[in-house]
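Each protein sequence line maps, in turn, to chains B and P.
Residue 211 in full-length UniProt numbering sits at position 211 of the first sequence; the count goes up by one each step and never skips.
Residue 186 in full-length UniProt numbering sits at position 186 of the second sequence; the count goes up by one each step and never skips.
These are calculated hints, taken from the structure and not from any lab test.
Among these hints, one or two may not hold up.
To be verified - Straight-line C-alpha distance at most 30 Å; calculated DSBU-like pairs for lysine-lysine:
1) B:K438 x P:K506
2) B:K121 x B:K449
3) P:K453 x P:K175
4) B:K465 x P:K219
5) B:K449 x P:K298
6) P:K194 x B:K449
7) B:K207 x B:K109
8) B:K438 x P:K469
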Amino acid sequence: AALGTLYLTATHVIFVETAPDTRKETWVCLFSMSSCHIMFVSLMKYEELYCFSFNPKLDREEREQGWMLVNLSEEYKRMGLPNDYWQLSDVNREYRVCDSYPTELYVPKSATAHIIVGSSKFRSRRRFPALSYYCKDNHASICRSSQPLSGFSARCLEDEQMLQAIRKANPGSDFLYVVDTRPKLNAMANRAAGKGYENEDNYSNIKFQFIGIENIHVMRNSLQKMLEVCELKSPSMSDFLWGLENSGWLRHIKAIMDAGIFIAKAVSEEGASVLVHCSDGWDRTAQVCSVASLLLEPHYRTLKGFMVLIEKDWISFGHKFTHRYGNLDGDPREISPVIDQFLECVWQLMEQFPCAFEFNERFLIHIQHHIYSCQFGNFLCNSQKERQELKIQERTYSLWAHLWKNRVDYLNPLFRADHSQTRGVLHLPTAPCNFMYKFWNGMYNRFEKGLQPRQSVTDYLVAVKEETQQLEEELEALEERLEKIQKVQLNRTKVRSKQSEPSKHSGFSTSDNTNTPQDYSGNVKSFPSRSPSQGDEDSALILTQDNLKSSDPDLSANSDQESGVEDLSCRSPSGGECVPSEDSGKDRDSDEAVFLTA
Amino acid sequence: MEFAELIKTPRVDNVVLHRPFYPPVEGTLCLTGHHLILSSRQDNTEELWLLHSNIDAIDKRFVGPLGTIIIKCKDFRIIQLDIPGMEECLNIASSIEALSTLDSITLMYPFFYRPMFEVIEDGWHSFLPEQEFELYSSAISEWRLSYVNKEFAVCPSYPPAVIVPKAVDDEALRKVATFRHGGRFPVLSYYHKKNGMVIMRSGQPLTGTNGRRCKEDEKLINATLRAGKRGYIIDTRPLNVAQQARAKGGGFEQEAHYPQWRRIHKSIERYHILQESLIKLVESCNDQTQNMDRWLSKLEASNWLTHIKEILTTACLAAQCLDREGASILVHGTEGTDSTLQVTSLAQIILEPRSRTIRGFEALIEREWLQAGHPFQQRCAQSAYCNSKQKWEAPVFLLFLDCVWQILRQFPCSFEFNENFLIMLFEHAYASQFGTFLGNNESERCKLKLQQKTMSLWSWVNRPSELSKFTNPLFEANNLVIWPSVAPQSLQLWEGIFLRWNRSSKYLDEAYEEMVNIIEYNKELQAKVNLLRRQLAELETEDGVQESP
């Protein structure tokens, strides 16, 4: 515990310790304090958000380049589009058909504007089927939409044609999967409201499948329950496991994963295309499409590819960031940890395929942090249209550029582009392995430094790899010099009498040789403890950085702190009298208190 | 030979073996006195060599003439053999049953095993008490090595040599032994060099209902305190259990008689409660039909992680008293052979960097478990699949290894050994070709002449070729105390043991390999760079020598 003064600014809470020698400042961005709703400032207008005042000292050109880093047109090109089956449609220019969709959309070549518009009228919020992922190798695709307005018996010829067009765009398969990611009961209830799901009899050659992922309200409550468990003061093992189970959180994660696995299998093993929808097609559909794409496509498991994936399936397809993450004072019933669940699915996959991802856990945590922080413009608004109207790109900065700039911090040292795990489809075991999904301590207890592993293998390996790189460079330099000297000596043995000339060389090499082994290892040791290169403009991250870097690979220094050796010296000699729980250790407090509870 | 009587059918052809993660293999099944062997004609690598002593339980099933034997091993693996012919199947099953439950220790495999490797260092002499004491000797002026138990007469479960306060003579030790459960008088377990504080362990004091006391006992444990200092007695039982123990002649130290000591009661479970916990845990790990939710509640219901948390917490408390409070401690439960040893050995893992090295950990197991008289023979006779309700079986040692794994997971760079080392120790504690874990104490081991008749596990492990498998590539000597977190969020199921046969570890193994490669390559480069630097330096001094005249 520390004594200090709390300052409240429009965008941050700042805590300054009173201890005169340190005066350590802790900055917390208001928007990342999700569990602290009482302090939440109600902002009614986007303009009051932090990203509009945040200035990372970049000039206009740099900012524009930042926004160019992730480019969806290029991504579709990378997928091999347009081609004989798929084309870029301009039907949604100026958001004429669907205001929550992007303007740049790929549809089957055979789907005319008439079919698309007709289909859109038969879909919730006019979110007609459009391409999310295209598999070059077998022409199978993943498309997404919202639910059809089928009610109990309504049909729409254009919608039926639209689905047929999608099926035909995949000549390798004679059927199309339609995956409704809702529980069947929810979908049926929607029929009463004139919505619902596809009737297999009306659509030719579709295979219809329900995968029961619960809605945003269930997910919100589930997270709430799980966070309550995390916040328990010294819970017992039973409290924790019961609470975790009762929250249902991991069951929901598994449901999303199951859906993603089903679709990835359909595409990779059956070569069938899949149309995915839920109700509006912007929450569960986004989760499932992106999980499936991640399983299928190694590119999305790279740093850049992952940014592209989020940009594509979440940002461009109109995931309602402002509503879901409560960035502005809005309807609390709209808030739900939808993308948090996706990020957790990625983490669960990383745990099972440790070499498959180019990025590490920290990358996911920082993305999650910035979804709530409103420091960058990427996750503002509910649709591309809104972002354009607000001129977000001209007035704010892009997170992707920021993350890319600091990519060294986010690399997974075990990733190797030529490793078998990094290539091809990720195959999860078919048997139902319940124990596959684990509690994400690094995310949900990230501010409880004491609960995290005290040494980070990732950071350690990164430091080793950095050292290796230096060694490689040094080796090359040494070899060169050795060769030179040997040549010189060879020459000298030939002309022994001339002594003045080689002295120059000798002088050169000794001065170069000041780089002694001791010096060198000293340099290497200091690598990992370097401060994150965010720069001081990134005030919102200071807290997170501190915590995330808790497992500083400068091990000796870190453990020293952990073991409280420095504390011992300032303890009063009468310590023998007091009970161990009176110990004033910093982050060990919680643990040690626990030791004594009988 | 007696084994021949037990083996009714020594050989069956066309047996099909089913194992987790492998396609079924057809081959010839052979029974020998100690092994169940399946060899397929095509490929020698597909062979199964299973020690009978590793078999925990078997089930038989018959479908027509085809018999199936399901073998459940003490390392939690389950394999299945399809045996054509009812008679053969019944014969094999009854032979396995008989051979896996031999009641005479001297018939067990370690007495027949002849090593195929060259013994570089005899493990039986690797960790002699005298050598261990040597390590302390520079720091210890108040302690001595006593041979009062040379003939195992004072305490049958203690080794011949124990470390006791110098101020107490052997005569007093004999008296104290009569006042402590099983004759287990307080002995030194660990000496904390940093501040000279110690951990002692013993059996419970035999105070009984009328509050018996023993002046020598009080003198002995007070002799370990520095002037004006107080100590802690950690009783691993809850107060009410300790109180109940008085009715049976046991008890705990009364404040009035031990005014310089503060008693803390913890509750570490024992015996059948731990055994049931293990049975439940393994059962739920093997059950793959449940949904996500049931899995968590089954994990919870097994209470395994609760036991882990309790043991770790107590060990941390002990370490904390020692290191942070600067107080000496005495640890005991009832007998002082189970929970006591878990606490004293884990406290050393936390406090003592040496015990986190391979050599030091082996010494710790030798000192704190084998010499200290943990009854391995009784505790590890059966594992998670056994139906018989033997009172003495309990996964005490496995819980200890699990706790070490939990700390290792939190400090992945501070241990010289890796997870495989812990798994290997678990396996050998339950079934082994080596004699190390046979017997319940040193006295029994002496009578069995294990040193002469069997090979020590350490003789095998400490060979460079084996060591390389157990060495943690991330290890960087860390001379500090490591405080683990015991919060539920920080404790995890030890998948390497409990899900070992239920999930493929292919991708995790690949990751480990990748990690090793990264570090190996770095070391290789470092060596190359150093070599070149030396060469350069030599050349340049040569240069200098040539130029100077």
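Going through the hints against the structure:
no.: 1; hint: B:K438 x P:K506; result: holds, 19 Å
no.: 2; hint: B:K121 x B:K449; result: violated, 52 Å
no.: 3; hint: P:K453 x P:K175; result: violated, 35 Å
no.: 4; hint: B:K465 x P:K219; result: violated, 58 Å
no.: 5; hint: B:K449 x P:K298; result: holds, 29 Å
no.: 6; hint: P:K194 x B:K449; result: holds, 27 Å
no.: 7; hint: B:K207 x B:K109; result: holds, 22 Å
no.: 8; hint: B:K438 x P:K469; result: holds, 28 Å
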